[in-house]
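Take the sequences, apply the hints, and build the full model.
Here is how the chains run, residue by residue.
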Amino acid sequence: MIFTNKVSKIGIYTAIVLLALVFSAPFLYTLYTSFIPIKYVNTFTGLENWTFDNYKTFFTSDAYSVSKWLFNTVVMTGIILIGNLIINPMAAYALAKLDFFGKKLIFWIVVITMMIPYHMILIPVYVNMAKLGWLNSFAALTIPFLYQAIYIFMLRQFFIGVPNELIEAARMDGLTKMGAFWRIVYPLSKPVLITVAILTFAGTWNSYLIPSTLANTPEKYVLVVGLNSVKDMFFENTPLVMAGVVLTTLPILAFFFVFQKQYMEGISNSGLKG
Amino acid sequence: MLKADTYAGRNKIKKQTTRPRFSLRSLADSDQFVGWVFSLPFLILWGWWFFYPFMESFVRSFQEVNFMDLSQGKFIGLQNYVLILHDPQFYQALGNSLKIVLIAVPVQTVLGLVMAILVNQKIKGKGLFRTIFFIPYITSQIALTTVAMMLFKENTFVTKFFTAFGMENVTWFASTKYALLFVTLLFIFQQVGFTMIVYLSALQEISKELYEASVIDGANAWQKFRFITVPMLKPVTFFVVSVGTILGFQIFDQIAAISRYGALGSPAGATSTVITYFYQHGIRYMNLGYGSAAVVIFFFIIMLITVLQKKLLDDKE
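Residue numbers (my numbering), protein chains in the order written: chain H, 17 to 290; chain Z, 3 to 319.
Simulated from the structure, these hints should not be mistaken for laboratory data. Hints should not be assumed to be uniformly reliable.
Unchecked claim - Straight-line distance between alpha carbons at most 30 Å, and here's what the computed BS3-like set of lysine-lysine pairs gives:
(1) H:Lys-25 - Z:Lys-179
(2) H:Lys-55 - Z:Lys-162
(3) Z:Lys-210 - Z:Lys-124
(4) H:Lys-22 - Z:Lys-226
(5) H:Lys-119 - Z:Lys-179
(6) Z:Lys-128 - H:Lys-277
(7) H:Lys-206 - Z:Lys-313
(8) Z:Lys-210 - Z:Lys-226
(9) H:Lys-277 - Z:Lys-236
(10) Z:Lys-179 - Z:Lys-155
(11) Z:Lys-236 - Z:Lys-128
(12) H:Lys-72 - Z:Lys-155
(13) H:Lys-206 - H:Lys-25
(14) Z:Lys-124 - H:Lys-22
(15) Z:Lys-124 - H:Lys-25
(16) Z:Lys-226 - Z:Lys-313
(17) Z:Lys-155 - H:Lys-55
(18) Z:Lys-124 - H:Lys-277
(19) Z:Lys-226 - Z:Lys-312
(20) Z:Lys-226 - Z:Lys-236
(21) Z:Lys-312 - Z:Lys-101
(22) Z:Lys-313 - H:Lys-25
(23) H:Lys-22 - Z:Lys-128
(24) H:Lys-277 - Z:Lys-313
(25) Z:Lys-236 - Z:Lys-124
(26) Z:Lys-126 - H:Lys-25
(27) Z:Lys-312 - Z:Lys-236
(28) Z:Lys-101 - H:Lys-120
Below is the structure:
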């Protein structure tokens, strides 16, 4: 019995370590390559040959403006984040706790919208943006994405669980219905709001299809789109491209390490309830 | 409710008694009013940037319309649909989409479950392993694909390593033979961490008593897995499979990245999918009617598959 236990332990460790090697190798390769001169690509070289030149090039060359792309990404993500943290909870609360004409219809709108892939409407969205002269503007990158049906659904589930007594108590203290939401329920919903914020942040920061379609001039690129263009332009310069990968990925990884626990909980909740 | 109102009004008894029943203030504090005010920002954005374009997609799919003269859209009935259904490239794209889904979904579901079981064991550093497996999921797909493109070039050690398994020493993403496999592997690599996390939390929900009871009944490890774990995980499996299928059909970033300056789906359509097909025609070639018809077909394919999966996985009881 002890013997078989040991054998299975060894088996488990072997499997997990092998998998971990496969999963971390690309990241280690990227990090390593981003610090070496181009002549050492795909060979091993000691620390004495390492250099920051690849990173420096990014901030000094005129061929690309990483700082601008970073700025674009931050503004886009910031606006979308704020929108999603206001519009989604409001609609979700109305659907969960208020009784009004058309509520059922709005709920079905949310459910159906959730299930339709965004590609379905990309062509008309693109055309309408062009008609409004919005292409290559922050308006195009943010306004249609200030809400997310799936998060309205998620938040509604959460608000349903908020006890009615709490809201009634707030009313007794003289708060209006709107006040009861903003002053009592909203602050109490911090955990679920953090989940929505994290999922929105990661999804927006990493998005490529929509920003590359709606903002396609180099000054309006977001980081991911910019990285793709650097990769295409300087494909043979592996260390430079790898430095670009590190620069693009670092903020989201840092963010992930801070919010790892909430992020994973958010994901697994979407699995269990969805 | 009534009690609450009287309490709220206690300080302003004078005002309350003289106030008419339907004042502006009581209207502003009614469920009807607040409900609509709270739903309105969503409804406006949804109507403007979802419902209207959604309807437009259907209308345009029956038109011949070019980006240059939008008002000149000409109704041509089902012609766009007929053209698409006679286009061999469409079937190539559809076939590729199906291949991606049929390979990626089973692999990432099984691998995700295995990984969830592994990181659920009592072992050292399982938190670290969890993080390592999950990181590709939160990394930008463009970034991951870029790295993989560097690794799978001709003559790199990775490509040479795979020659031991009978693969040729070529640049994978530029080879009509391997490009689709390359994209599929990248998708699995990204998605499997998500599957693992979803399975992991489901595994932790299964009560220990079930396993203890089965041990008393003399069940071995395999029987525990087969007759407790698998059935208990069924709803989550359905979730994982349907999410995987829908996302598999929507793969775009990886393909856009490997196509570089070529048409989407390079090399030679080897990685074209229903998504890149519609994007190439509708947005790159500005053939709005044709692209919209392709999108409508894609929409019905997704719906059909969702319904089929629900039938298959739900009615097996």
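We went through each hint and held it up to the structure:
Simply put, H:Lys-25 and Z:Lys-179 have alpha-carbon atoms about 40 Å apart, too far for the 30 Å limit, and the pair is violated. As the CA atoms of H:Lys-55 and Z:Lys-162 are separated by approximately 20 Å, the hinted pair is consistent with the 30 Å bound. Distance hint between Z:Lys-210 and Z:Lys-124 is fulfilled; the C-alpha atoms sit about 15 Å from each other, no more than 30 Å. Only pairs whose Cα atoms come within 30 Å are accepted, and H:Lys-22 paired with Z:Lys-226 is accepted, the gap being roughly 20 Å.
For the suggested pair H:Lys-119 and Z:Lys-179, the alpha carbons sit about 53 Å apart, so the restraint of at most 30 Å is broken. Under the criterion of a C-alpha separation no larger than 30 Å, the hint pairing Z:Lys-128 with H:Lys-277 is consistent with the structure, at around 14 Å. At roughly 38 Å between alpha-carbon atoms, H:Lys-206 and Z:Lys-313 are farther apart than 30 Å, so this suggested pair is violated. For the hint pairing Z:Lys-210 with Z:Lys-226, the CA-to-CA distance comes to about 11 Å; that is within 30 Å, so the pair holds.
For the hint linking H:Lys-277 to Z:Lys-236, the alpha-carbon distance of about 25 Å falls within 30 Å, and the restraint holds. For a cut-off of 30 Å, the pair hint linking Z:Lys-179 to Z:Lys-155 stands: about 14 Å separates their Cα positions. Only pairs whose Cα atoms come within 30 Å are accepted, and Z:Lys-236 paired with Z:Lys-128 is accepted, the gap being roughly 25 Å. With a C-alpha separation of about 26 Å, the suggested pairing of H:Lys-72 with Z:Lys-155 holds against the 30 Å cut-off.
Restraint check for H:Lys-206 and H:Lys-25: not satisfied, since their Cα atoms lie roughly 40 Å apart, outside the 30 Å limit. Between Z:Lys-124 and H:Lys-22 the alpha-carbon distance is near 13 Å, which keeps this suggested pair within the 30 Å criterion. Restraint check for Z:Lys-124 and H:Lys-25: the C-alpha separation of about 9 Å stays at or below 30 Å, so the hint holds. Simply put, Z:Lys-226 and Z:Lys-313 have alpha-carbon atoms about 27 Å apart, close enough for the 30 Å limit, and the pair holds.
With a C-alpha separation of about 16 Å, the suggested pairing of Z:Lys-155 with H:Lys-55 holds against the 30 Å cut-off. Pair hint Z:Lys-124 plus H:Lys-277 holds up; C-alpha atoms about 19 Å apart against a cutoff of 30 Å. Proposed proximity of Z:Lys-226 and Z:Lys-312 is supported: the alpha carbons are some 26 Å apart, at most 30 Å. Between Z:Lys-226 and Z:Lys-236 the alpha-carbon distance is near 15 Å, which keeps this suggested pair within the 30 Å criterion.
For the hint pairing Z:Lys-312 with Z:Lys-101, the CA-to-CA distance comes to about 20 Å; that is within 30 Å, so the pair holds. Distance restraint check for Z:Lys-313 and H:Lys-25: the Cα-Cα separation of roughly 39 Å exceeds the 30 Å cut-off, and the hinted pair is therefore not satisfied. In summary, the hint linking H:Lys-22 to Z:Lys-128 is supported, as the alpha carbons are separated by about 18 Å, within the 30 Å threshold. Taken as a hint, the H:Lys-277 and Z:Lys-313 pair is broken in the structure, with Cα atoms around 35 Å apart against an allowance of 30 Å.
For the given pair, Z:Lys-236 sits about 24 Å from Z:Lys-124 by alpha-carbon distance, which is consistent with the 30 Å threshold. Restraint check for Z:Lys-126 and H:Lys-25: satisfied, since their Cα atoms lie roughly 11 Å apart, inside the 30 Å limit. With a C-alpha separation of about 12 Å, the suggested pair Z:Lys-312 and Z:Lys-236 falls inside the 30 Å cut-off, and the hint holds. Taking the CA atoms of Z:Lys-101 and H:Lys-120, the gap is about 39 Å. The hint is violated against a cut of 30 Å.
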